[in-house]
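K.L.:
Sequence:
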Amino acid sequence: MKGIPMQTGILRVLRVTAASWWRHKELRRTGQTGQAQRLERETVLRDLGYLKQAALLPNAHVICGEGGTFINLGWTTVSTFAPIERFPLAALAVARGTPFIDIRPVTDVIAFANLPRVARDGSIDPEPCGPGRSVSLTAYIDMVEALGGRIANGPRPRQST
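Residue numbers (my numbering): 3 to 163.
Because the hints were derived from the structure by calculation, they are not lab data.
There are no misleading hints in this set.
Distance windows between CB atoms, simulated:
hint : residue 1 : residue 2 : range
1    : Pro85     : Ala21     : 20 to 26 Å
2    : Lys27     : Leu149    : 37 to 43 Å
3    : Asn116    : Thr79     : 16 to 22 Å
4    : Arg119    : Thr10     : 32 to 38 Å
5    : Gly11     : Thr109    : 33 to 39 Å
6    : Arg25     : Thr109    : 33 to 39 Å
7    : Phe114    : Arg25     : 30 to 36 Å
8    : Thr140    : Trp23     : 34 to 40 Å
Glycine residues also receive a C-beta, built at the ideal position from the N, C-alpha and C atoms.
Could you put together the complete structure from these sequences and hints?
P.N.:
Printed below as a string of structure tokens:
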């Protein structure tokens with residue numbers, strides 16, 4: 003895997019992020035350090051599971067727009083109202099190679115809203131039209147790029163010229 007080594011950098015970021023949560027800080031402030039540590043440990047383990055899924059699932063991707071940042075993991079979505087720069091879990095997933103779709107530059111929001119969804123399990127609909135339609139991640143990325151979105155870690159192999 004590219005990016006931050008799993009055993010040090012990722013765990014450090016996840017621990018700091020978990021410890022910074024207001025609820026965990028409040029537990030520490032009120033002397034409930036043991037409970038805060040237990041919840042932080044659970045949070046880190048949950049987030050490590052999300053990172054593992056982001057690396058393994060065929061259509062997993064991170065998408066960032068004006069409404070926030072989302073990690074799409076098929077049937078599960080992890081999100082925040084913040085941009086990716088303030089969502090360490092999403093930034094870690096992208097650093098480890100998960101495709102990143104930045105839709106902040108997209109100006110035609112109606113066209114974007116009418117795009118099909120990314121298929122949850124890697125399969126695609128035989129007829130990609132109509133309500134509830136789904137397409138592969140690569141087809142979705144093509145559509146977003148045509149609207150002005152930026153892509154990092156695209157799922158296609160790089161072509162040398």
